[in-house]
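The residues making up each chain are set out below.
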Amino acid sequence: MTKNLRVKSSEYIDETNRISFKFNGKTYHGFKGDTLASALLANDVHLVGRSFKYHRPRGIMTAGSEEPNAIVQVNPGSNRTEPNVRATEVEIYEGLEASSQNCWPSVEFDIGGINNFLSPFFPAGFYYKTFMWPASFWEKYEFFIRHSAGLGKSPTSSDPDIYDHRNIHCDVLVVGAGLSGILAAKNAAKNNFKTLLVDEKNELGGSTIFENNEFNKIDNKTPSEWLKKEIEELRNIKNLEIKTRTSVAAYHQYNYLLARENLTDHLEAKDKTNKIRQRLLKIRAKKVILATGALERPLIFNNNDRPGILLSSAVKKYSEFFGVACGSKNIFFTNNDSAYESALSLYNKGINVEAIIDIREQSESKIVKKVKEAGIKVYWSHTIVDTAGYKRLNSISIMKLSNDGTSVTGSKISISCDCLGVAGGWTPAVHLYTQSGGKLKFDEEKQIFLPNQNTSEQISVGSCGGDFKIDEIIKNLNHKLKDTLNIRETDLDNINVEIDLENSKRNIWLLPSDTSLGKTKPFVDYQNDATAKDIKLALREGFRSIEHVKRYTTTGMGTDQGKLGNMHALGIIADTAGVKMGELGTTTFRPPYTPLTFGTIVGRNVGKFFDIFRRTPMNDWHVENKAEFENVGQWKRAWYYPINGETMHQAVQRESKAARESAGILDASTLGKIDIQGSDASEFLNRVYTNAWSKLAIGKCRYGLMLNEDGMVYDDGVTTRLGENHYIMTTTTGGAANVLGKLEDYLQTEWPELDVYLTSVTDHYATASLCGPNSKKILKKIIPDLDLSDENFPHMSFKEATIGHIQCRIMRISFTGEHSYEINVQASYGKDLWEKCMEAGKEFNITPYGTETMHLLRAEKGFIIVGQDTDGTMTPIDLQMDWIVSKKKYDFIGKRSLYRSDTMREDRKQLVGLLTEDPNVVLEEGAQIVSELNQSPVEMLGHVTSSYFSPNLNKSIALAVVRGGKDMIGKQLFVPMESKNINVTVANPVFYDEKNERLNA
Amino acid sequence: MFLINCPYCGERDQQEFKAGGEAHIERPKQPTELSDDEWAEYLFMRKNIKGVQFERWNHAHGCRKWFNMVRDTSNDEIKAIYKMGEKPPSQ
Ligand SMILES: [Zn+2]
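Listed in order, the protein sequences are those of chains A and B.
For the first sequence, counting from 1, position 480 maps to 564 in my numbering; every step adds exactly one.
For the second sequence, counting from 1, position 62 maps to 63 in my numbering; every step adds exactly one.
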């Protein structure tokens, strides 16, 4: 029978709404308003997980997002499962299931727990030292590490939820809705700043909302009462948007922040469907007010990690906010006054407090007196030297602390207890501040790092700015608000605050024990099991930089980024190395502040929205006719059209033969098209292409090669002169956007005097390429009144015509070596044009072919494809295309580079053809080429760039780049493959119709 | 992601822009007159400073205009933006 530790009804817990949930397979009950952590504690469940390295039993330590231990797997086994979730942040709902992580077979009996007893063999850097050698054992080590290290399991089926992104622009973003956040947001919005207030919790008010300490008063009310009234007023303020359950994950430069808004995680499964689960808010704020609060520090003492040991502030929150007692015999361990507030809070609720262990010599504040009056024993100048209880704390041992705080004296007292609240002071939550590039400064008096130098317009207010007492908070907040918002009055001007809290604090980073350090376990990083002695060992081994010590000891490297223990790690390092805090650097906090789901990061960009893709106007026809598609950049291009179960090879062989024997048709709509106009258009083309353009007659087409300034081939395509000052340029499919960018660059920055205008018209035209000996007859059927004679419409010329009422531009150009026409129509008529061609071509067995056949046909002709046969290191000379490089032109892009000593070398890689000795053997593209087989190391001469079996030549053909290949025609080389060496002969790269007779066939 | 104030469109997200390397390197008017070394100096040599650098940027997914930027590469602070052909601000 489990105990019920619910002590007193809380206004934040709805006891009429009972909720059942499962933890590690067992059913428990909680109430609406509970977190998984508070509900488990109410059911007296303290053991919730195992630590990462030693598999030590661990419990709930905090009540917030800084939780290092109570890390659970939510809804295990379902497609909504999520690992590494902090039990302190999970709001329970009917049907919630959660389980412990990092334990096998169960959290109660965990085999990995043996590591705890072996821990002398697991010192800092254990993984680095042990798994280094022998290298061949690495696979075995990896298996072991992976099986014992797993932190949670990812879902194995796809995520059923919807995620979203939203851009928000605001004048003021306030992060954190505690006392200072609420006051900041209220005053910003009231002064007409468009304000956004976000908080990770489901309720506003931070820790002040349950602050009922009778010694603190704001306008004569308890802070809790007073803040509730302020929150009530927020609802009537315009200009203010409030988002709860919203956690800022990242704070980037220029006040750009990413936040995750959680919309359905607290709902029952039936209410989750068809709703957006989480939304990534991309916030651009003119000013940022950080009011992220402070995290309570633990104290570092021997065995400070047992279930039942919590932060003092968490014990208080569980009692005040959730109405849950964390134990029936409570003890507090502190170095400052705040534990007394927690003790009093428990006392007022009738929860037993056994004692307070205080490492200070004394404190005289009212609250301390009040605690004494309540009969709670205080042990001054004492420290805990050890704790006991394997799965749950059952006692502590204390001893008197020496004056200098480095050792203990006297006799040991043992006190039995089941809950220990630890209060080590407060650390400002500066994580977001440092993410933004802000620099920290160490405050010697308060022993904290504080914001010092900002890189953007922002302020840190409240305890994240170093103010911990309500009077200080309100006073400094008021100054900062007036300054930042440039306003003269706020409603903070007349607030009256009474407070009684002493600043007195005794800071000892590592508390001594009666046992030597080597035999103790004072944990600094709970999640990764890094202890104070690991840190000291790292320093002894010579590590100095904080970042190195962190990685070597894994301190702060867990999913919680060591939010609790980082300060102690820095403190222990400083003490041991004998330097001041901050002198060896501070740790860097990286985004995200708390883990983000992948769903939130990608938002709607999943499935077919993962990346943009482009389809041609003829796409539907290709789909209807069962084309296979390939991705070319963002385009979906028809690859080949298999019929009757053909393989790709069979389809391509059939398509290639048909295109040469009768007629083929290709969807060429994806080619880049740039409309060029202006009185200097011809001069412009002269400067960007290697060949001459001034004399190209209107109505004629010309192939052009474009280089980079370094002389290497960049793009190619046919450009047509449509009028005196009007050209249309085609580019490669993949190069269109870059070519336009490059041309704009030269026009705007080098040659602004040229009167030239460029417009991308790629998407405006659909292009069908009709090729083969019967293409002329087919075109004649479609456009009977156009004179297609060689005299009127020769190769490399252009005509305007109409098909019915559709206007079209027809270029007689060829990428296959066959008699061909490229017909361009307005994009919306593309499918219509295609169907007309198919209809007219029926009697000639017109065959649609895809990109694969196109590649094969052009390879038979030795035509290059930029990006396949070139790779940014090939000049036109290397490609044996000297004919296209003008000797007469004074300059063009890349010309000077063709005369550099390096580009003129004879032994550069040059484009050649390769024929295999066995005509049936097809080389692999990318295969290496050598001249000697028995050399070691063997010299690589080049590689195969394109390779096909040609059905028209009935043999295998290949293009390749080979060092000095130009002079090797007829020479035998080898292509060594895994299973055999293939004998090849260097050949002229034009394999088919070398005299270009078919163009006019 | 920083914001860039395109001189033609106004403030836009960095995603819309493309960086174009060091600014104020003029293409030689008479390349053929240059020695290999001189041409190589123009073609290959760039400063790549940690600190204040003069750069070219293109509003590629916007107005397509090129412009100049003075940026501190160590913290991405944009110190000035000016159009092509305009004089760079003195430091
Ligand atoms: Zn622009």
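In short, the hints are calculated from the structure, not lab data.
The reader is advised that the hints may include incorrect statements.
A few chain B residues facing chain A, derived, Cβ under 8 Å [to be verified]:
id: 1; residue: Leu4
id: 2; residue: Ala20
id: 3; residue: Gly21
id: 4; residue: Leu44
Listed next, the in silico SDA-like pairs over lysine to any residue satisfying Cα-Cα at most 20 Å (straight line) [what the hints assert, rightly or not]:
id: 5; chain 1: B; residue 1: Lys80; chain 2: A; residue 2: Gly1026
id: 6; chain 1: A; residue 1: Lys826; chain 2: B; residue 2: Asp77
id: 7; chain 1: B; residue 1: Lys19; chain 2: A; residue 2: Asn822
id: 8; chain 1: B; residue 1: Lys66; chain 2: A; residue 2: Gln761
id: 9; chain 1: A; residue 1: Lys237; chain 2: A; residue 2: Asp839
id: 10; chain 1: A; residue 1: Lys826; chain 2: B; residue 2: Glu27
id: 11; chain 1: B; residue 1: Lys30; chain 2: A; residue 2: Lys433
id: 12; chain 1: B; residue 1: Lys19; chain 2: A; residue 2: Lys523
id: 13; chain 1: A; residue 1: Lys370; chain 2: B; residue 2: Leu4
id: 14; chain 1: B; residue 1: Lys80; chain 2: A; residue 2: Ser540
id: 15; chain 1: B; residue 1: Lys66; chain 2: A; residue 2: Tyr983
id: 16; chain 1: A; residue 1: Lys826; chain 2: B; residue 2: Lys88
id: 17; chain 1: A; residue 1: Lys370; chain 2: B; residue 2: Tyr43
id: 18; chain 1: A; residue 1: Lys979; chain 2: B; residue 2: Met85
id: 19; chain 1: A; residue 1: Lys370; chain 2: B; residue 2: Asp77
id: 20; chain 1: B; residue 1: Lys66; chain 2: A; residue 2: Gln832
id: 21; chain 1: B; residue 1: Lys80; chain 2: A; residue 2: Glu582
id: 22; chain 1: B; residue 1: Lys80; chain 2: A; residue 2: Thr843
id: 23; chain 1: A; residue 1: Lys826; chain 2: B; residue 2: Arg65
id: 24; chain 1: A; residue 1: Lys826; chain 2: B; residue 2: Glu17
id: 25; chain 1: A; residue 1: Lys433; chain 2: A; residue 2: Asp128
id: 26; chain 1: A; residue 1: Lys370; chain 2: B; residue 2: Phe3
id: 27; chain 1: A; residue 1: Lys826; chain 2: B; residue 2: Phe45
id: 28; chain 1: B; residue 1: Lys30; chain 2: A; residue 2: Glu325
id: 29; chain 1: A; residue 1: Lys979; chain 2: B; residue 2: Arg65
id: 30; chain 1: A; residue 1: Lys366; chain 2: A; residue 2: Ser540
id: 31; chain 1: A; residue 1: Lys523; chain 2: A; residue 2: Asn538
id: 32; chain 1: B; residue 1: Lys19; chain 2: A; residue 2: Gln832
id: 33; chain 1: A; residue 1: Lys779; chain 2: A; residue 2: His879
id: 34; chain 1: A; residue 1: Lys826; chain 2: B; residue 2: Cys7
id: 35; chain 1: A; residue 1: Lys305; chain 2: A; residue 2: Glu582
id: 36; chain 1: B; residue 1: Lys66; chain 2: A; residue 2: Thr843
id: 37; chain 1: B; residue 1: Lys88; chain 2: A; residue 2: Asn339
id: 38; chain 1: B; residue 1: Lys88; chain 2: A; residue 2: Tyr830
id: 39; chain 1: B; residue 1: Lys84; chain 2: A; residue 2: Asp128
id: 40; chain 1: A; residue 1: Lys826; chain 2: B; residue 2: Leu4
Even glycine gets a Cβ: it sits at the ideal position worked out from N, Cα and C.
Results for each hint:
A cut of 8 Å between beta carbons decides the hint on B/Leu4: the least distance to chain A is about 6 Å, and the hint holds. The criterion of a C-beta within 8 Å of any C-beta in chain A is not met by B/Ala20, whose closest approach is roughly 12 Å, and the hint is violated. For the restraint placing B/Gly21 at the interface with chain A, the shortest Cβ-Cβ distance is roughly 7 Å, inside the 8 Å limit, so the hint holds. Below 8 Å, beta-carbon pairs count as interface contacts, and B/Leu44 has one with chain A at about 6 Å; its hint therefore holds.
Distance restraint check for B/Lys80 and A/Gly1026: the Cα-Cα separation of roughly 48 Å exceeds the 20 Å cut-off, and the hinted pair is therefore not satisfied. Distance restraint check for A/Lys826 and B/Asp77: the Cα-Cα separation of roughly 25 Å exceeds the 20 Å cut-off, and the hinted pair is therefore not satisfied. With a C-alpha separation of about 11 Å, the suggested pair B/Lys19 and A/Asn822 falls inside the 20 Å cut-off, and the hint holds. For a cut-off of 20 Å, the pair hint linking B/Lys66 to A/Gln761 stands: about 18 Å separates their Cα positions.
Only pairs whose Cα atoms come within 20 Å are accepted, and A/Lys237 paired with A/Asp839 is rejected, the gap being roughly 63 Å. Among the hinted pairs, A/Lys826 with B/Glu27 is consistent with the structure: their alpha-carbon atoms are about 15 Å apart, no more than 20 Å. The hinted pair formed by B/Lys30 and A/Lys433 fails the criterion: a straight-line CA distance of about 87 Å is larger than 20 Å. Our distance criterion of 20 Å between C-alpha atoms is broken by B/Lys19 and A/Lys523, whose separation comes to about 30 Å.
Restraint check for A/Lys370 and B/Leu4: the C-alpha separation of about 12 Å stays at or below 20 Å, so the hint holds. Among the hinted pairs, B/Lys80 with A/Ser540 is consistent with the structure: their alpha-carbon atoms are about 14 Å apart, no more than 20 Å. Our distance criterion of 20 Å between C-alpha atoms is broken by B/Lys66 and A/Tyr983, whose separation comes to about 32 Å. Using a Cα cut-off of 20 Å, the hinted pair A/Lys826 and B/Lys88 is violated, with the two alpha carbons roughly 23 Å apart.
Annotation: proposed proximity of A/Lys370 to B/Tyr43 is violated, straight-line Cα distance about 41 Å (limit 20 Å). Restraint check for A/Lys979 and B/Met85: not satisfied, since their Cα atoms lie roughly 25 Å apart, outside the 20 Å limit. At most 20 Å may separate the alpha-carbon atoms for a hinted pair to count; A/Lys370 and B/Asp77 meet this at roughly 17 Å. Of the supplied pair hints, the one linking B/Lys66 and A/Gln832 holds, its CA atoms being roughly 8 Å apart against a limit of 20 Å.
A hinted pair counts as satisfied when its Cα atoms are at most 20 Å apart, and B/Lys80 with A/Glu582 does not qualify at roughly 47 Å. This hinted pair does not check out: B/Lys80 and A/Thr843 have alpha carbons roughly 32 Å apart, beyond 20 Å. Among the hinted pairs, A/Lys826 with B/Arg65 is consistent with the structure: their alpha-carbon atoms are about 11 Å apart, no more than 20 Å. Taken as a hint, the A/Lys826 and B/Glu17 pair is honoured in the structure, with Cα atoms around 16 Å apart against an allowance of 20 Å.
Simply put, A/Lys433 and A/Asp128 have alpha-carbon atoms about 18 Å apart, close enough for the 20 Å limit, and the pair holds. At most 20 Å may separate the alpha-carbon atoms for a hinted pair to count; A/Lys370 and B/Phe3 meet this at roughly 13 Å. As the CA atoms of A/Lys826 and B/Phe45 are separated by approximately 17 Å, the hinted pair is consistent with the 20 Å bound. A threshold of 20 Å between alpha carbons decides the hint, and for B/Lys30 with A/Glu325 the separation of about 58 Å lies outside it, so the pair is violated.
Between the alpha carbons of A/Lys979 and B/Arg65 the distance comes to roughly 26 Å, so the proposed pair goes past 20 Å and is violated. For the given pair, A/Lys366 sits about 17 Å from A/Ser540 by alpha-carbon distance, which is consistent with the 20 Å threshold. Between A/Lys523 and A/Asn538, the direct Cα distance comes to roughly 7 Å. Compliance with the 20 Å bound is thereby established for this hinted pair. Note on B/Lys19 and A/Gln832: the hinted pairing holds, with a Cα-Cα distance of about 15 Å set against a maximum of 20 Å.
A threshold of 20 Å between alpha carbons decides the hint, and for A/Lys779 with A/His879 the separation of about 17 Å falls inside it, so the pair holds. A hinted pair counts as satisfied when its Cα atoms are at most 20 Å apart, and A/Lys826 with B/Cys7 qualifies at roughly 19 Å. In summary, the hint linking A/Lys305 to A/Glu582 is supported, as the alpha carbons are separated by about 10 Å, within the 20 Å threshold. With a CA separation close to 13 Å, the supplied pair B/Lys66 and A/Thr843 stays within the 20 Å bound.
A distance of roughly 30 Å separates the Cα atoms of B/Lys88 and A/Asn339; the hinted pair therefore is violated under the 20 Å criterion. Distance check on the hinted pair: B/Lys88 and A/Tyr830 sit about 19 Å apart at the alpha-carbon level, within 20 Å; holds. Proximity of B/Lys84 to A/Asp128 is assessed by CA-CA distance (about 69 Å); at most 20 Å being required, the pair is judged violated. For the hint linking A/Lys826 to B/Leu4, the alpha-carbon distance of about 24 Å lies beyond 20 Å, and the restraint is violated.
In this structure, the hints that do not hold are numbers 2, 5, 6, 9, 11, 12, 15, 16, 17, 18, 21, 22, 28, 29, 37, 39, 40, in rising order.
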